[in-house]
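Asker: Here the protein sequences line up with chains A and B, keeping their order.
Residue numbering for the first sequence follows numbering that gives the first Met the number 0, starting at 0 and increasing by one per position.
Residue numbering for the second sequence follows numbering that gives the first Met the number 0, starting at 0 and increasing by one per position.
Please keep in mind that the hints were generated in silico from the structure rather than gathered at the bench.
Computed from a predicted model, the values in this text were never measured in an experiment.
For every residue, glycine included, the Cβ atom is placed at its ideal position computed from N, Cα and C.
Mixed in with the good hints, there may be bad ones.
Restraint ranges, calculated between C-beta atoms of paired labels, are given here [to be verified]:
| id | chain 1 | residue 1 | chain 2 | residue 2 | range |
| --- | --- | --- | --- | --- | --- |
| 1 | A | Ala42 | B | Ser12 | 57 to 63 Å |
| 2 | B | Ser14 | A | Phe19 | 56 to 62 Å |
| 3 | B | Ala248 | A | Ala42 | 51 to 57 Å |
| 4 | A | Met110 | B | Leu21 | 17 to 23 Å |
| 5 | A | Ala42 | B | Ser14 | 56 to 62 Å |
| 6 | A | Pro59 | B | Gln190 | 49 to 55 Å |
| 7 | A | Phe120 | B | Arg31 | 44 to 50 Å |
| 8 | A | Ala42 | B | Ser24 | 16 to 22 Å |
| 9 | B | Gln62 | A | Ile4 | 31 to 37 Å |
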Amino acid sequence: MSILITLIGVSFSLFAVLNFIFLQDVHSFNSYPRTVDALAIIALCLIYFYNYNESYNQTPWHRHSSNWIVSGLLIYFGSSIMHFAFLDLLYKHATLNVNYIFGDIHATLVMIMYLFIAIGFNYAKT
Amino acid sequence: MPKPNDSLLFLLSLSIGSVFMLIISFILIFVRNQNRLLKKHAELQETKLSHQQELLRTVIVSQEEERSRIGQDLHDDVGTALSNLRLTIELFNQSPATGFDKFSAGCKLIIDKIITDVRHISHNLSPPGIAQYGFAGALEELCELMSQTGAIGITINNNSPYTTDGLVTVNAISLYRVIEELINNTIKHAQATEIMISFAEYENCVEVLYTDNGIGMATAMNPAKGMGVHNIESRLKVINATVLQPLLAHEGYSFRFSLSK
Numbered sequence: 000m001s002i003l004i005t006l007i008g009v010s011f012s013l014f015a016v017l018n019f020i021f022l023q024d025v026h027s028f029n030s031y032p033r034t035v036d037a038l039a040i041i042a043l044c045l046i047y048f049y050n051y052n053e054s055y056n057q058t059p060w061h062r063h064s065s066n067w068i069v070s071g072l073l074i075y076f077g078s079s080i081m082h083f084a085f086l087d088l089l090y091k092h093a094t095l096n097v098n099y100i101f102g103d104i105h106a107t108l109v110m111i112m113y114l115f116i117a118i119g120f121n122y123a124k125t
Numbered sequence: 000m001p002k003p004n005d006s007l008l009f010l011l012s013l014s015i016g017s018v019f020m021l022i023i024s025f026i027l028i029f030v031r032n033q034n035r036l037l038k039k040h041a042e043l044q045e046t047k048l049s050h051q052q053e054l055l056r057t058v059i060v061s062q063e064e065e066r067s068r069i070g071q072d073l074h075d076d077v078g079t080a081l082s083n084l085r086l087t088i089e090l091f092n093q094s095p096a097t098g099f100d101k102f103s104a105g106c107k108l109i110i111d112k113i114i115t116d117v118r119h120i121s122h123n124l125s126p127p128g129i130a131q132y133g134f135a136g137a138l139e140e141l142c143e144l145m146s147q148t149g150a151i152g153i154t155i156n157n158n159s160p161y162t163t164d165g166l167v168t169v170n171a172i173s174l175y176r177v178i179e180e181l182i183n184n185t186i187k188h189a190q191a192t193e194i195m196i197s198f199a200e201y202e203n204c205v206e207v208l209y210t211d212n213g214i215g216m217a218t219a220m221n222p223a224k225g226m227g228v229h230n231i232e233s234r235l236k237v238i239n240a241t242v243l244q245p246l247l248a249h250e251g252y253s254f255r256f257s258l259s260k
């Protein structure tokens with residue numbers, strides 16, 4: 000698992016550098032790396048849930064702090080992957096109002112993620 | 000490229016909303032499923048625990064029953080015979096005129112009875128044939144003994160060299176007791192005339208099938224398991240045997256278990 004994470008980390012960093020050199024200018028939104036990074040995080044979250052399902056758990060689901068944290072990450076990155084993909088396009092072509100609306104949606108999703116992470120920390124405390 | 004307008008806003012919010020709902024439903028279903036699994040597991044644990052307690056109770060109760068039976072046997076047979084002997088000696092001392100020969104014959108008779116009683120009790124405690132002839136020999140002896148009255152015929156179909164030679168004594172005694180209990184149950188409840196016991200050997204287990212042509216379990220007993228059945232189960236558990244599904248097509252009683260080698 001740690002090899003997979005290292006591999007994702009290294010190849011993603013490489014991709015991000017290549018992206019701003021060859022594909023997207025540093026002065027525009029980096030929509031390609033953000034989408035790829037959201038995909039990688041979603042995949043890792045799903046692997047986590049798969050492993051959790053396969054393992055033998057004696058305590059209820061909600062008592063595991065990592066369940067809450069991973070759910071938060073999955074909700075945020077899963078829901079905003081479309082937003083990330085169209086980020087540059089929106090910035091360049093959509094009206095300011097549309098950008099504000101998506102900014103609000105994004106902020107709401109971030110809030111939900113942090114709420115889940117907070118609940119996770121709360122369970123990790125005990 | 001056309002300038003994106005409010006339709007992009009609509010499509011993008013739609014996709015964000017649907018992915019959000021999908022993820023929320025995924026998490027909810029996952030949590031529900033996990034909790035259900037946990038609940039089922041807890042139930043299974045509880046059933047296992049109560050079954051184990053029931054088996055333990057049966058072991059204790061049957062041990063006590065066995066003790067009281069031995070006590071009763073000793074008291075009723077050996078105790079009575081010894082009192083009888085004492086009385087005979089007392090009578091002889093009071094009036095030696097009755098003749099020594101008669102006294103000696105009477106005493107010998109009583110002592111022989113005591114010896115027979117003690118032998119019976121000790122044979123009941125541990126089956127005598129197992130040490131001498133092995134499990135198969137002891138079982139044949141038991142079946143001959145049980146079918147002596149002529150009311151019931153017992154056929155043994157032993158195709159397993161393992162049960163004939165390979166069983167260690169502890170397992171042999173348990174297996175012997177299980178079959179003894181099954182035969183006892185048939186005689187007591189089943190109104191059967193034929194019993195068939197067969198042993199089939201496989202690569203790593205021996206399958207034992209016990210059948211009779213009686214009225215079957217459903218009509219003979221209430222669904223609650225009797226003490227005998229619990230006894231059988233705990234004995235089989237001790238020798239690492241697994242109870243198998245009984246024969247469904249068979250009309251009388253059938254009991255199947257597999258003994259791992």
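Asker: May I ask which of the numbered hints given earlier this structure violates, with the numbers listed in increasing order?
Answerer: 1, 2, 5, 7, 9
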